[in-house]
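Line by line, the protein sequences give chains A and B. Quick note: the first sequence uses the working numbering, first residue 1, plus one each step. Quick note: the second sequence uses the working numbering, first residue 1, plus one each step.
Derived from the structure by calculation, the hints contain no laboratory data. Some hints could be false.
Short derived list, chain A residues pointing at chain B, Cβ under 7 Å [stated by the list, open to error]:
no.: 1; residue: G37
no.: 2; residue: A99
no.: 3; residue: E161
no.: 4; residue: L162
no.: 5; residue: G170
no.: 6; residue: P172
no.: 7; residue: K175
Just so you know, even glycine gets a beta-carbon here, dropped at the ideal spot from N, CA and C.
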Amino acid sequence: MRRRITNYFIFSLTSLCALLAVSVLLFILGYLLWHGGRSINWAFLTQLPKPVGESGGGIANAIVGSGKIILIATLFGVPLGFLGALYLVEYGGTRFNFAVRYAADLLNGVPSIVIGIFAYTLIVLRTKQFSAWAGGFALGIMMIPTALRSTEEFLRLVPRELREAAYALGAPQWKVIVTVVIPVAMRGILTGIMLSVARIAGETAPLLFTSFGNRFWSHGLNEPTASLPVMIFTYAVGPYDDWHQQAWAAGLILLLGVLLTNIVVRLFFRPRTA
Amino acid sequence: MITPENLDEQESRIPQMRFDPMQAEEAEEIPQLKTENGQTPAITLLKTNLPEGRSPNRVLQAVKVSTEHLNFFYGQKQALEDICIQIREQCVTAFIGPSGCGKSTFLRTMNRMNDLIPGARVDGSVLIDGRDIYARQADPIELRRRVGMIFQKSNPFPKSIYENVAYGVRINNLARSRKSLDEVVERTLRGAALWDEVKDSLHKSSLALSGGQQQRLCIARALAIEPEILLMDEPASALDPISTAKIEELIFELKKRYTIVIVTHNMQQAARVSDFTGFFLIGRLMEFGDTRRIFTNPSKKETEDYITGRFG
Numbered sequence: 001m002r003r004r005i006t007n008y009f010i011f012s013l014t015s016l017c018a019l020l021a022v023s024v025l026l027f028i029l030g031y032l033l034w035h036g037g038r039s040i041n042w043a044f045l046t047q048l049p050k051p052v053g054e055s056g057g058g059i060a061n062a063i064v065g066s067g068k069i070i071l072i073a074t075l076f077g078v079p080l081g082f083l084g085a086l087y088l089v090e091y092g093g094t095r096f097n098f099a100v101r102y103a104a105d106l107l108n109g110v111p112s113i114v115i116g117i118f119a120y121t122l123i124v125l126r127t128k129q130f131s132a133w134a135g136g137f138a139l140g141i142m143m144i145p146t147a148l149r150s151t152e153e154f155l156r157l158v159p160r161e162l163r164e165a166a167y168a169l170g171a172p173q174w175k176v177i178v179t180v181v182i183p184v185a186m187r188g189i190l191t192g193i194m195l196s197v198a199r200i201a202g203e204t205a206p207l208l209f210t211s212f213g214n215r216f217w218s219h220g221l222n223e224p225t226a227s228l229p230v231m232i233f234t235y236a237v238g239p240y241d242d243w244h245q246q247a248w249a250a251g252l253i254l255l256l257g258v259l260l261t262n263i264v265v266r267l268f269f270r271p272r273t274a
Numbered sequence: 001m002i003t004p005e006n007l008d009e010q011e012s013r014i015p016q017m018r019f020d021p022m023q024a025e026e027a028e029e030i031p032q033l034k035t036e037n038g039q040t041p042a043i044t045l046l047k048t049n050l051p052e053g054r055s056p057n058r059v060l061q062a063v064k065v066s067t068e069h070l071n072f073f074y075g076q077k078q079a080l081e082d083i084c085i086q087i088r089e090q091c092v093t094a095f096i097g098p099s100g101c102g103k104s105t106f107l108r109t110m111n112r113m114n115d116l117i118p119g120a121r122v123d124g125s126v127l128i129d130g131r132d133i134y135a136r137q138a139d140p141i142e143l144r145r146r147v148g149m150i151f152q153k154s155n156p157f158p159k160s161i162y163e164n165v166a167y168g169v170r171i172n173n174l175a176r177s178r179k180s181l182d183e184v185v186e187r188t189l190r191g192a193a194l195w196d197e198v199k200d201s202l203h204k205s206s207l208a209l210s211g212g213q214q215q216r217l218c219i220a221r222a223l224a225i226e227p228e229i230l231l232m233d234e235p236a237s238a239l240d241p242i243s244t245a246k247i248e249e250l251i252f253e254l255k256k257r258y259t260i261v262i263v264t265h266n267m268q269q270a271a272r273v274s275d276f277t278g279f280f281l282i283g284r285l286m287e288f289g290d291t292r293r294i295f296t297n298p299s300k301k302e303t304e305d306y307i308t309g310r311f312g
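With these hints in hand, go ahead and build the complete structure from the sequences.
What follows is the structure, given as structure tokens:
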């Protein structure tokens with residue numbers, strides 16, 4: 001009897017927690033839709049913000065700005081992580097590998113605000129301006145460990161038999177890597193990279209004092225640049241109801257963007273079934 | 001360089017575990033043999049119907065590979081101990097023995113596949129055409145182009161059938177044009193007895209093939225760069241009897257052009273396909289010689305125990 005009650009209790013507790021875990025996402029999505037859904041229309045997506053005090057306007061500059069910053073971050077962080085992982089798996093000695101992997105894990109744990117300060121002192125203070133470059137650099141640093149670890153994982157999944165087959169045909173190491181290892185692992189690597197892009201898309205802290213923000217279009221990459229997360233932050237703490245509305249809506253756009261990336265990744269890069 | 005002519009002087013240099021097929025070969029003519037069916041039990045089959053296609057004068061074939069006092073270590077662990085052997089051209093040489101006895105390791109020393117394993121160390125020499133493949137100036141890449149390998153688990157690349165066969169040709173820049181590449185692919189697929197089954201689906205994924213077809217594809221892939229020696233590491237151990245029979249037939253065809261070394265767990269298979277058989281036990285080559293003699297009249301007790309199923 002006692003055993004059955006315990007069993008029942010544990011079952012209820014765990015299933016409740018599982019349910020809660022799932023419902024958090026649905027709850028957030030629903031809340032965003034409720035508050036922000038109304039404000040989303042074509043103008044919201046294509047217009048600049050209106051001057052302070054006027055209602056209406058859009059977030060077009062923040063969407064484009066986020067795009068720029070993420071692109072810079074990807075171009076900076078992904079090659080570093082990817083090639084680093086390639087080294088670890090294909091060439092590295094064990095002790096150095098351990099050090100690199102450990103450093104990557106530590107870097108992954110560095111609070112994003114600290115990375116923001118780093119980019120701020122390194123780029124913003126030197127160039128004496130906020131820029132998309134600085135923001136992209138900060139986010140790029142954050143991508144390195146995730147890109148590295150996920151690439152490494154998928155490279156390691158490439159069966160030894162396939163490498164050996166290529167070696168046995170007289171392929172030198174670099175050809176084995178380029179013609180067999182990378183193509184086989186590519187799907188997984190791309191999935192990992194896309195997910196890390198989605199992960200940094202919502203980072204706010206490192207952007208606050210690197211790309212800063214901008215209520216207008218930024219031209220080129222050397223000006224303060226608007227981004228979705230920073231815009232949400234500014235609007236949410238601002239004094240106007242209209243801004244609050246727009247913050248909800250911008251949050252919804254950001255979340256949809258991330259969800260879309262996730263779904264696309266999972267559809268296109270589904271593990272191949274033989 | 002060891003040749004059949006100077007075997008005798010080699011003999012004096014190499015103390016133990018060396019088996020010379022020349023001497024082991026019984027003087028009598030090998031009787032005309034015919035296969036009734038391949039399904040009879042091993043030992044009786046051996047005595048009564050050795051397969052056709054063996055050349056009675058195989059001992060006159062030149063030595064292709066020879067090893068001298070070959071020792072091999074995985075880190076501290078010694079996996080091969082003082083292996084001395086001669087493998088003859090255009091013959092099938094089979095290695096049998098219980099798991100972990102070193103026969104696969106030995107196979108992989110012949111194309112320096114073990115180089116890829118961290119901590120692996122070779123001592124002694126392996127000569128192919130009289131040249132030491134572990135010499136300082138020897139190039140493992142060039143070696144592997146001459147010594148093809150078939151693995152236990154068929155391992156086609158997840159590419160099309162065509163690309164699998166073309167792979168070695170491409171990376172070694174052996175084909176001058178698309179047309180000549182097409183020819184090589186067709187020729188090798190025919191050579192591997194796979195052409196008729198795949199000629200209409202050359203550009204489909206190799207992973208859609210059956211296990212037996214995949215293994216023949218791997219053979220075709222290895223043949224495409226025209227190696228001189230073909231190493232087969234239990235090539236049929238994961239296949240059903242029909243696929244196994246096809247692979248064995250293929251081995252018969254291939255030995256006309258290649259030197260074949262095969263590792264197998266299946267003693268009937270060794271008996272069916274090979275001209276020479278070596279028996280490995282805990283890193284040592286216990287006995288080596290003419291296949292028929294090894295299976296009918298082994299000189300070591302361990303060999304007899306193994307082939308009669310008393311252990312292993």
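(Q) Checking each numbered hint in turn, tell me which of them this model violates, lowest number first. (A) Per hint list: 1, 2 violated.
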